[in-house]
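Student: Protein chains in written order, with the working numbering: chain A, 1 to 111; chain B, 1 to 114.
Be aware that one or more of the hints could be misleading.
[As the list claims (entries may be wrong)] What follows is a set of in silico ranges between Cβ atoms, one per label pair, in the way DEER data are often shown:
{"no.": "1", "chain 1": "A", "residue 1": "E79", "chain 2": "B", "residue 2": "G16", "range": "22 to 32 angstroms"}
{"no.": "2", "chain 1": "A", "residue 1": "E79", "chain 2": "B", "residue 2": "Q17", "range": "48 to 58 angstroms"}
{"no.": "3", "chain 1": "B", "residue 1": "N28", "chain 2": "A", "residue 2": "D59", "range": "39 to 49 angstroms"}
{"no.": "4", "chain 1": "B", "residue 1": "E79", "chain 2": "A", "residue 2": "S9", "range": "29 to 39 angstroms"}
{"no.": "5", "chain 1": "B", "residue 1": "T15", "chain 2": "A", "residue 2": "G16", "range": "41 to 51 angstroms"}
{"no.": "6", "chain 1": "B", "residue 1": "G3", "chain 2": "A", "residue 2": "L40", "range": "32 to 42 angstroms"}
{"no.": "7", "chain 1": "B", "residue 1": "K14", "chain 2": "A", "residue 2": "T69", "range": "22 to 32 angstroms"}
{"no.": "8", "chain 1": "B", "residue 1": "N65", "chain 2": "A", "residue 2": "A29", "range": "22 to 32 angstroms"}
{"no.": "9", "chain 1": "A", "residue 1": "E79", "chain 2": "B", "residue 2": "A82", "range": "23 to 33 angstroms"}
{"no.": "10", "chain 1": "B", "residue 1": "G40", "chain 2": "A", "residue 2": "Q60", "range": "28 to 38 angstroms"}
{"no.": "11", "chain 1": "B", "residue 1": "S84", "chain 2": "A", "residue 2": "N3", "range": "19 to 29 angstroms"}
{"no.": "12", "chain 1": "B", "residue 1": "P107", "chain 2": "A", "residue 2": "T78", "range": "28 to 38 angstroms"}
{"no.": "13", "chain 1": "B", "residue 1": "L114", "chain 2": "A", "residue 2": "H72", "range": "40 to 50 angstroms"}
{"no.": "14", "chain 1": "A", "residue 1": "S9", "chain 2": "B", "residue 2": "E52", "range": "19 to 29 angstroms"}
[What the hints assert, rightly or not] Heads up, simulated BS3-like pairs for lysine-lysine below, C-alpha to C-alpha not over 27 angstroms straight-line:
{"no.": "15", "chain 1": "B", "residue 1": "K14", "chain 2": "A", "residue 2": "K57"}
{"no.": "16", "chain 1": "A", "residue 1": "K71", "chain 2": "B", "residue 2": "K9"}
{"no.": "17", "chain 1": "A", "residue 1": "K42", "chain 2": "B", "residue 2": "K71"}
{"no.": "18", "chain 1": "B", "residue 1": "K14", "chain 2": "A", "residue 2": "K37"}
{"no.": "19", "chain 1": "A", "residue 1": "K42", "chain 2": "B", "residue 2": "K9"}
{"no.": "20", "chain 1": "A", "residue 1": "K22", "chain 2": "B", "residue 2": "K71"}
{"no.": "21", "chain 1": "B", "residue 1": "K57", "chain 2": "A", "residue 2": "K110"}
[To be verified] Non-contacting residues of chain A with respect to chain B, defined by C-beta distances greater than 10 angstroms in every case (computed):
{"no.": "22", "residue": "Q14"}
{"no.": "23", "residue": "S28"}
{"no.": "24", "residue": "N67"}
To be clear, the hints were calculated from the coordinates, so they are not data collected in a lab.
Beta carbons are placed, not taken as given, at the ideal position from N, Cα and C, and that holds for glycine.
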Amino acid sequence: GENVEQHPSTLSVQEGDSAVIKCTYSDSASNYFPWYKQELGKRPQLIIDIRSNVGEKKDQRIAVTLNKTAKHFSLHITETQPEDSAVYFCAAHSNTGKLIFGQGTTLQVKP
Amino acid sequence: NAGVTQTPKFQVLKTGQSMTLQCAQDMNHNSMYWYRQDPGMGLRLIYYSASEGTTDKGEVPNGYNVSRLNKREFSLRLESAAPSQTSVYFCASRRTGTSADTQYFGPGTRLTVL
Chain A
1 GENVEQHPST LSVQEGDSAV IKCTYSDSAS NYFPWYKQEL GKRPQLIIDI RSNVGEKKDQ
61 RIAVTLNKTA KHFSLHITET QPEDSAVYFC AAHSNTGKLI FGQGTTLQVK P
Chain B
1 NAGVTQTPKF QVLKTGQSMT LQCAQDMNHN SMYWYRQDPG MGLRLIYYSA SEGTTDKGEV
61 PNGYNVSRLN KREFSLRLES AAPSQTSVYF CASRRTGTSA DTQYFGPGTR LTVL
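So here's chain A without its partners, still in its complex pose (with noise of 0.2 angstroms):
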């Protein structure tokens, strides 16, 4: 069936360094691919999105690439901050209408 796996589950950086969050989906039509971040006790809310037609998409200090023909898509977020501390998930459209979710990251940047 439609799955997605996010590695890894928790993320532990120093604040100004890099952060990568790896996802891999298992649907070839899958063509939408967000990415949601979650502080505690609030809602998902998303972030950056690509779609297939393309293969990197920046904005500030996130960016996220995909690659279509190996099924996977990463999260970069660079100059870590504080408030960069979350969980993010990623996610993958499927034909079927809906948005499958990967397992999570928690995110923790360390001052």
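Chain A is already provided as a structure; the job is to place chain B on it using the hints.
Tutor: Here is chain B on its own, set in the frame of chain A:
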């Protein structure tokens, strides 16, 4: 625009009680979704409604029912609550489920079943 709203914010039930979680969106979206979130389990889809008048099961539908009341509202009902249904429930909506549209989440309902 309020976006996606959910009521109640918190609820405590006893085993066997029933309740309905309400969700509404004011963005004229066609597709609506109900998820549950448990620690370490990510977001699991319970039911979804691709358009007004249709509903489909997601990954974990057992113990739940839904109603797409109109284009704005999508409710989730627990007929006989069980402790295993203790979770945070999120409603979400998208303009359409067939294209690359942003999915927006409501603030969540924290449910405890004793």
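Student: With reference to the structure, classify each hint as holding or not holding.
Tutor: Now the hints, each set against the structure:
1. The hint said 22 to 32 angstroms for the Cβ distance between A:E79 and B:G16, and at roughly 52 angstroms that hint is violated.
2. Checked against the hint of 48 to 58 angstroms, the pair A:E79 and B:Q17 passes, with Cβ atoms roughly 50 angstroms apart.
3. Against the hinted window of 39 to 49 angstroms, the Cβ-Cβ separation of B:N28 and A:D59 comes to about 26 angstroms, which falls outside the hint.
4. The hinted window of 29 to 39 angstroms between B:E79 and A:S9 holds, with their beta carbons roughly 34 angstroms apart.
5. Range check, B:T15 to A:G16: Cβ separation about 50 angstroms, and the 41 to 51 angstroms hint holds.
6. For B:G3 and A:L40, the hinted distance range of 32 to 42 angstroms is not satisfied, since their beta carbons lie about 20 angstroms from each other.
7. For B:K14 paired with A:T69, a C-beta distance near 53 angstroms fails the hint of 22 to 32 angstroms.
8. Take B:N65 and A:A29: their Cβ atoms lie about 30 angstroms apart, and the range 22 to 32 angstroms holds.
9. In this structure the hint that A:E79 and B:A82 lie 23 to 33 angstroms apart at CB is violated, the actual value being about 46 angstroms.
10. A C-beta distance of roughly 30 angstroms is found between B:G40 and A:Q60, which places it inside the suggested range of 28 to 38 angstroms.
11. Between B:S84 and A:N3 the beta carbon distance is about 23 angstroms. The supplied range of 19 to 29 angstroms therefore holds.
12. Evaluation of the 28 to 38 angstroms hint for B:P107 and A:T78 yields a pass: the beta carbon distance comes to about 30 angstroms.
13. Range check, B:L114 to A:H72: Cβ separation about 43 angstroms, and the 40 to 50 angstroms hint holds.
14. At roughly 38 angstroms, the beta-carbon separation of A:S9 and B:E52 lies outside the given 19 to 29 angstroms, and the hint is violated.
15. For the hint linking B:K14 to A:K57, the alpha-carbon distance of about 48 angstroms lies beyond 27 angstroms, and the restraint is violated.
16. Of the pairs offered as hints, the one joining A:K71 and B:K9 is violated, with about 38 angstroms between alpha carbons and a cut-off of 27 angstroms exceeded.
17. Distance restraint check for A:K42 and B:K71: the Cα-Cα separation of roughly 25 angstroms lies within the 27 angstroms cut-off, and the hinted pair is therefore satisfied.
18. A hinted pair counts as satisfied when its Cα atoms are at most 27 angstroms apart, and B:K14 with A:K37 does not qualify at roughly 33 angstroms.
19. At most 27 angstroms may separate the alpha-carbon atoms for a hinted pair to count; A:K42 and B:K9 meet this at roughly 12 angstroms.
20. For the suggested pair A:K22 and B:K71, the alpha carbons sit about 36 angstroms apart, so the restraint of at most 27 angstroms is broken.
21. At most 27 angstroms may separate the alpha-carbon atoms for a hinted pair to count; B:K57 and A:K110 exceed this at roughly 41 angstroms.
22. Consistency note on A:Q14: stated as away from chain B, and its beta-carbon is indeed over 10 angstroms from all of that chain's, at 25 angstroms minimum.
23. Against the 10 angstroms criterion, A:S28 stays outside the reach of chain B, whose nearest CB is about 16 angstroms from its own CB.
24. Once the 10 angstroms rule is applied to beta carbons, A:N67 is consistent with being away from chain B; the minimum gap is 18 angstroms.
Consistency note: the structure conflicts with the earlier hints numbered 1, 3, 6, 7, 9, 14, 15, 16, 18, 20, 21.
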